[in-house]
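Protein chains: 2
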Amino acid sequence: MVYIGVDLGGTNIAVGVVNENWEIVAEASTKTLHTRPYQEVIRDMAVCADKALQKAGLTHNDVKSIGIGIPGCADEDGNVIFCTNLGWKDIPLRTELQKYINKPVYVGNDATVAGLAESYAGVSKGCSSSVFLTLGTGVGGGIIIDGKPWNGVHGVASELGHMILVAGGEQCSCGNRGCLERYTSATAIIRMAKEAVKENPDCAIMKKVNGDADRINAKTVIDAAKENDPVGVKVFEQYTDYLAMACNNVIQFLDPDMVVLGGGVSYAGEFLVDAVRRKVPNYILNKNLPYSEIKLAALRNEAGIIGAALLGRAAE
Amino acid sequence: MVYIGVDLGGTNIAVGVVNENWEIVAEASTKTLHTRPYQEVIRDMAVCADKALQKAGLTHNDVKSIGIGIPGCADEDGNVIFCTNLGWKDIPLRTELQKYINKPVYVGNDATVAGLAESYAGVSKGCSSSVFLTLGTGVGGGIIIDGKPWNGVHGVASELGHMILVAGGEQCSCGNRGCLERYTSATAIIRMAKEAVKENPDCAIMKKVNGDADRINAKTVIDAAKENDPVGVKVFEQYTDYLAMACNNVIQFLDPDMVVLGGGVSYAGEFLVDAVRRKVPNYILNKNLPYSEIKLAALRNEAGIIGAALLGRAAE
Chain A
1 MVYIGVDLGG TNIAVGVVNE NWEIVAEAST KTLHTRPYQE VIRDMAVCAD
51 KALQKAGLTH NDVKSIGIGI PGCADEDGNV IFCTNLGWKD IPLRTELQKY
101 INKPVYVGND ATVAGLAESY AGVSKGCSSS VFLTLGTGVG GGIIIDGKPW
151 NGVHGVASEL GHMILVAGGE QCSCGNRGCL ERYTSATAII RMAKEAVKEN
201 PDCAIMKKVN GDADRINAKT VIDAAKENDP VGVKVFEQYT DYLAMACNNV
251 IQFLDPDMVV LGGGVSYAGE FLVDAVRRKV PNYILNKNLP YSEIKLAALR
301 NEAGIIGAAL LGRAAE
Chain B
1 MVYIGVDLGG TNIAVGVVNE NWEIVAEAST KTLHTRPYQE VIRDMAVCAD
51 KALQKAGLTH NDVKSIGIGI PGCADEDGNV IFCTNLGWKD IPLRTELQKY
101 INKPVYVGND ATVAGLAESY AGVSKGCSSS VFLTLGTGVG GGIIIDGKPW
151 NGVHGVASEL GHMILVAGGE QCSCGNRGCL ERYTSATAII RMAKEAVKEN
201 PDCAIMKKVN GDADRINAKT VIDAAKENDP VGVKVFEQYT DYLAMACNNV
251 IQFLDPDMVV LGGGVSYAGE FLVDAVRRKV PNYILNKNLP YSEIKLAALR
301 NEAGIIGAAL LGRAAE
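If you read the sequences in order, they're chains A and B.
Going by the working numbering, the first residue of the first sequence is number 1, and it counts up by one from there.
Going by the working numbering, the first residue of the second sequence is number 1, and it counts up by one from there.
Quick caveat, the hints were computed from the structure, so don't treat them as lab data.
Since the structure is predicted, the reported quantities are computational estimates derived from the model, not experimental observations.
Take the hints with a grain of salt, since some may be wrong.
[Unchecked claim] Listed next, the in silico DMTMM-like pairs over lysine to aspartate or glutamate satisfying Cα-Cα at most 25 Å (straight line):
{"no.": "1", "chain 1": "A", "residue 1": "K148", "chain 2": "B", "residue 2": "D257"}
{"no.": "2", "chain 1": "A", "residue 1": "K148", "chain 2": "B", "residue 2": "E293"}
{"no.": "3", "chain 1": "B", "residue 1": "K148", "chain 2": "A", "residue 2": "D75"}
{"no.": "4", "chain 1": "B", "residue 1": "K148", "chain 2": "A", "residue 2": "E293"}
{"no.": "5", "chain 1": "B", "residue 1": "K287", "chain 2": "A", "residue 2": "E170"}
{"no.": "6", "chain 1": "B", "residue 1": "K125", "chain 2": "A", "residue 2": "E76"}
{"no.": "7", "chain 1": "A", "residue 1": "K234", "chain 2": "B", "residue 2": "E270"}
{"no.": "8", "chain 1": "B", "residue 1": "K89", "chain 2": "A", "residue 2": "E293"}
{"no.": "9", "chain 1": "A", "residue 1": "K287", "chain 2": "B", "residue 2": "D257"}
{"no.": "10", "chain 1": "B", "residue 1": "K148", "chain 2": "A", "residue 2": "E76"}
{"no.": "11", "chain 1": "A", "residue 1": "K89", "chain 2": "B", "residue 2": "E293"}
{"no.": "12", "chain 1": "B", "residue 1": "K208", "chain 2": "B", "residue 2": "E270"}
{"no.": "13", "chain 1": "B", "residue 1": "K198", "chain 2": "B", "residue 2": "E170"}
{"no.": "14", "chain 1": "A", "residue 1": "K148", "chain 2": "B", "residue 2": "E76"}
{"no.": "15", "chain 1": "A", "residue 1": "K89", "chain 2": "B", "residue 2": "D257"}
{"no.": "16", "chain 1": "A", "residue 1": "K125", "chain 2": "B", "residue 2": "D75"}
{"no.": "17", "chain 1": "B", "residue 1": "K125", "chain 2": "A", "residue 2": "D146"}
{"no.": "18", "chain 1": "B", "residue 1": "K287", "chain 2": "A", "residue 2": "D75"}
{"no.": "19", "chain 1": "B", "residue 1": "K148", "chain 2": "A", "residue 2": "E316"}
Just chain A, same shape as in the assembly (with noise of 0.2 Å):
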């Protein structure tokens, strides 16, 4: 038996046919248009899926389940509670679906998805709780407790980004002062180095963008500091030290197996891992204990469809 996995993003749904053994087999892709009603995008999940059990050779016969990641909230009927990029709300999902393909539809965040992911084919595998925190634009977080992904009561858990951070602090795009992400992001890390530039326009950093600072991403600031240029070192040290107050707060909560840290920034490699490492023991209560082991995701853009089509496997 496979499992489909849909990955729907704000540009592109990418459906992949899963195996047992947690690998894509074959896949198929068409952009998302998301202006359009959403019954078109639905109904286009499903020619993606029939595209691509047919170049793996299956039929629906062979399919288990399907599941959705989402860049938003969803219940546990299916139903898509919210997703801003889309601007959906109140999305009946798994219904949508189910009249293309007659399998049980499960609806997942998509944070949640790649965090479950790791926990079943990557860095965490083996690991009975974890928690995945991806550092793109903005932060998310993916809970897994006891091998299943923990979306809260209400299906709003595990918003790690709008945990408030820095009481008072940076101003967040969604209303609040001081929110994690503010702090952990990429777009954080963007926002420190621009500030640090401004008195120092002949550091690495601005060379490597010909002197247009707003041309400077996560891995410019990031490649400064490995290259040992000073502003580049001390911004780095700033977002590393807020990243491991990040990773000190899930541990002081959940204690979990393994933090795991995803997205853009994270592929900056073990030279940001080591950073981390080395600064969550300055935070951390219990300094002498065991505590949470923290990791680089070890899959990258195919988390999205392997970690939607364990959602099926998670609910068994």
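Starting from the known structure of chain A, arrange chain B on it as the hints suggest.
Chain B in isolation, oriented as in the chain A frame:
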């Protein structure tokens, strides 16, 4: 059958016989005298258990299990990892106690145990998940997931008081800065009040303590706020802002059925929890979706014994 609950504190050992309706039917207590060898402290737990059983007209044969709530951390094998106030580290509590009463023995953190008591016999009864916050000298946490206490993989979870809420903020006794308990404990409200009265020596708070700021406690401040004293109101607003942020962080992370406020500060009653409920929407990400209820703890001192007794029940 009955359960024995032991509330081990720095000053007293309180032991109760708890029936299957989670009512204390008999009690006995003695001084902890924690500087003596741990074997003697544990022997006195057994002595108190026997006294309480005798009062109830019962014997060891009627006991299903024994639970002990400690102001520290324990592992799953009933060993105390550490218990700072008692100066205990790596103490084989289960093994030692079973020398006197050969029944299953469970050991848990005191805040976790209080949360468990609420979830079986108190305000969160019937909730599958809840997070309990004790607002005392410090801030402790008790996490209940699927009716069971969540202690984390290494036994160090639910240290909610030491999550960072104000990065770089007030110095905490743990060595960190900006811990949640520096802003939401009784100690915090006293600190805020002492600061505020400096410029307002004639305020109601100072009248209540006859001009001696060292006598200010949480009740003084909250009573002044209830009376509409401007300084009392100002401090109360500041404190409840932070408490609402703390509730927000719990909700964004775990989205439990209920957040329960317990401990000394919570004795301020509905006046406190109303303010928190009013302020949580200022911070919550999904303001228009349902989220955790916020309620006052229903049990007081008896939560320690009842919750400890429940450790055995929750492990069934």
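Hint by hint, here is what the structure shows:
1. At roughly 18 Å between alpha-carbon atoms, K148/A and D257/B fall within 25 Å of each other, so this suggested pair holds.
2. Proximity of K148/A to E293/B is assessed by CA-CA distance (about 24 Å); at most 25 Å being required, the pair is judged to hold.
3. Between K148/B and D75/A the alpha-carbon distance is near 23 Å, which keeps this suggested pair within the 25 Å criterion.
4. The hinted pair formed by K148/B and E293/A meets the criterion: a straight-line CA distance of about 24 Å does not exceed 25 Å.
5. Our distance criterion of 25 Å between C-alpha atoms is met by K287/B and E170/A, whose separation comes to about 20 Å.
6. Restraint check for K125/B and E76/A: the C-alpha separation of about 23 Å stays at or below 25 Å, so the hint holds.
7. With a C-alpha separation of about 47 Å, the suggested pair K234/A and E270/B falls outside the 25 Å cut-off, and the hint is violated.
8. Between K89/B and E293/A the alpha-carbon distance is near 23 Å, which keeps this suggested pair within the 25 Å criterion.
9. Using a Cα cut-off of 25 Å, the hinted pair K287/A and D257/B is violated, with the two alpha carbons roughly 32 Å apart.
10. Distance restraint check for K148/B and E76/A: the Cα-Cα separation of roughly 21 Å lies within the 25 Å cut-off, and the hinted pair is therefore satisfied.
11. A hinted pair counts as satisfied when its Cα atoms are at most 25 Å apart, and K89/A with E293/B qualifies at roughly 23 Å.
12. Between K208/B and E270/B the CA atoms are separated by roughly 22 Å; this keeps the pair inside 25 Å, and the hint holds.
13. For the given pair, K198/B sits about 19 Å from E170/B by alpha-carbon distance, which is consistent with the 25 Å threshold.
14. Restraint check: the Cα-Cα separation between K148/A and E76/B comes to about 21 Å, which is no more than 25 Å; the hinted pair holds.
15. Proximity of K89/A to D257/B is assessed by CA-CA distance (about 23 Å); at most 25 Å being required, the pair is judged to hold.
16. At roughly 23 Å between alpha-carbon atoms, K125/A and D75/B fall within 25 Å of each other, so this suggested pair holds.
17. Of the pairs offered as hints, the one joining K125/B and D146/A holds, with about 23 Å between alpha carbons and a cut-off of 25 Å not exceeded.
18. Annotation: proposed proximity of K287/B to D75/A holds, straight-line Cα distance about 16 Å (limit 25 Å).
19. The hinted pair formed by K148/B and E316/A meets the criterion: a straight-line CA distance of about 21 Å does not exceed 25 Å.
Consistency note: the structure conflicts with the earlier hints numbered 7, 9.
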